[in-house]
Amino acid sequence: MGQIQLKQVTKSFGDVQVIPPLDLTIQDGEFTVFVGPSGCGKSTLLRLIAGLEDITSGHIEIDGKDATDLVPAKRGLAMVFQSYALYPHMSVRKNIAFPLRMAKMEQAEIDRRVNAAAEVLNLADYIDRKPGQLSGGQRQRVAIGRAIVREPSAFLFDEPLSNLDAALRVGMRMEISELHKKLATTMVYVTHDQVEAMTMADKIVVLHAGVIEQVGSPLELYRRPRNTFVAGFIGSPKMNLIIGQEAAKHDATTIGIRPEHIDVVESNGMWSGTVGVAEHLGSDTFFHIHNTGLTDMITVRAIGDVSLKHGDTIQLNPRLEELHRFDADGLRID
Amino acid sequence: MARSVTPRQKLINTTAAWTIGLLIFFPILWTILTSFKTEAQAIAAPPIFVGFDWTLENYRTVLERSDYGRFLWNSIIIAGLSTVLGCIIAIPAAWSMAFVPSKRTKDILLWMLSTKMLPAVGVLYPIYLLFIKMGLLDSRAGLVVVLMLINLPIIVWMLYTYFKEIPGEILEAARMDGATLRQELLYVLTPMAIPGIASTLLLNFILAWNEAFWTLNLTAVNAAPLTAFIASYSSPEGLFFAKLSAASTMAIAPILILGWFSQKQLVRGLTFGAVK
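Residue numbers (this note's numbering), protein chains in the order written: chain A, 1 to 334; chain B, 1001 to 1276.
Heads up, some of the hints might be wrong.
Said to hold, decoys possible - The calculated DSSO-like cross-link candidates involving lysine-lysine, where the alpha carbons are at most 27 Å apart (straight line), are: (1) B:Lys1133 x A:Lys130; (2) B:Lys1133 x B:Lys1116; (3) A:Lys130 x B:Lys1264.
Simulated from the structure, these hints should not be mistaken for laboratory data.
Here the structure is a predicted model, which means the values were calculated and not measured.
Chain B on its own, in the form it takes in the complex:
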């Protein structure tokens, strides 16, 4: 029997959902609003919600003081390359785990995931030393590798889950139909897994874009991405909330726009397999 929803219940559900949604979104909205205030209005008590003098002054100052383009470019390179590199490694890995599993496959998957349970700061010292020794400090190449490694367990897990959903018989049918391994992957498996692969790439890109711990600790100037750009506006001499907000807004804007246009894909990918 289908569950019946009365109009009253529907109203309650809708209101609750919107309330929770707005609560989650509020900090971001507040940041965006603050970025258009003067420094005085930004720290005014009680806080001013919308009735302030809208100004673009903060953005002008931020753009004058820092080279936004360079930070943006570093973010794109680091997030993009670490995602691509991660996928190149994760696709074959997830493939073999899903279709030719061994007795230890489950153990390997869990072990990989367990690395995510370790606080990042726990390995900061050894990795920092390694970076010094290898001359990778403040280099984009070093960050690409580190971020790729950090997100690899998640990519492998996600792809493994998507591939598991694809019935093995279809791949066997392709084999019977004369497809070589390359053709089987190219014409049958990849087209079927594209929603999964796309949402994995997207999620990984977002995670890498927002990653702050390693990007702040391992970069100074040359390889600093947008997270470092934000951090540069929270100085010990006094906080400039309006300018900090402007920097934050500029840092999250590209990923927010990307997320907005791909939300359908992202939601579909994240709930893939949950509902058939």
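The following block holds chain A by itself, in its conformation from the complex:
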């Protein structure tokens, strides 16, 4: 079990309200990702759920029980921190066993669980080392091990991969996703990286200035962003947002078109412009197109290794069925 419910939760630091009244339900077994730019309140929200910060008003319920005033230890949640937060003076074994020791579990049971966790996380060879003797990826695994042995009702991850290098990050992303499939336990994951959000989440919560902009599955957010913020935040490279005359043609204040939904054509394109920077990734090429008269720059994705040179004039055709329209308040028009 691991349903988490936030009801009219607010948080203020002094006079500054960082989280205005907020409602959110995280279903049992769901992998929920909080994503947003830095300072959007996503980590604060996670710390409120963990109980490491007190909420200013509202209620938090875990498995239907009011947990608002419970201390962190009594909430049955486990947390993995960005800095790993391992106990430097304890071996890997003692680190993983720590929550079980605190719970006064029998030694035989502690050993069984620690060994099982070490096996799952490939830590068996390092079990007697201190955290200082481990690499970043191994430390992160120890932190995860310390979380899973408790068999918590939900896991909280606070940007757990930001301290790892790019290659390791992709690997750990898969490991965490697989762990979720295996354990089927609720996971709440905070990141500023929308790629992590898109690849791991069952449900994404997009936050901006403490406000939930949209909640939905990765593809829902990609296909039907509720407003211009979500449209610009989800998807890589970013959606092209165009205002002015071109938008007015479509009865909107702002129109959005993703780079992958614009075709480069030989002639008779709706738009034209000159090629600026080209980013060749092999499988795809992203072109930055200038002088379209629409906005400063339009990003276009071409599949494969397309050879267009800097300064070439090209014709573009947006796929109109993929066009997103937004009103004066930035909200989606259907």
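Got chain A; can you put chain B on it based on the hints?
Just chain B now, kept in the frame of chain A:
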């Protein structure tokens, strides 16, 4: 780029370091040497460095004339208890300042330190009067309290600095892992802060041991520690340098030995946080 050190530079640096080290140590060495001379050789001009008749006579006289054991015992009690008492008060104080700071924490720390800028003699009169009123004059209890108060700002500052180095997330992790406040302190924070706590205790013990102003002014016989023992050999009727040196050597010997065996700990503690 690493800075390259030529052998020549290294030689200069080493020589300079040893020279400065010996200069600092020289007065102590001279005191120790003088303690083995006769009174005449002790004041001989030009001074005799090592070519004198080594004698233990001064030590014999000093031990005969004064009760060294009692002074030593008083020093141990006063320095030890004031250190322990200081830590009992300073650990929770430094703890709360480091982990649950308020808007005024920095001000309190600076204000505490500012008390160290006041010349001790400035408060001698009021404290002396207080001691008379409270019947604490020439009592070990009174000195324990005074020395503890004098060194408290330093203990709090040092512990605060060490605790600040410990990432808050580790304590939060312990909280998430189900540790109570007591367990968090006992199993996580204290083991991590032990080098800092140990060097603070050690430094404070040395400071209290060597403290002379208050120990001389507030004691006479019963509570007099080793500082008073030394002072008793500088009399107005004429200085007995050799005996004074013997007394001084006996007074600093215990702390010197303690310092020697814990120098690694002490240096590590004092540079803690400077280099990560």
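Violations among the numbered hints, reported as their numbers in ascending order: 1
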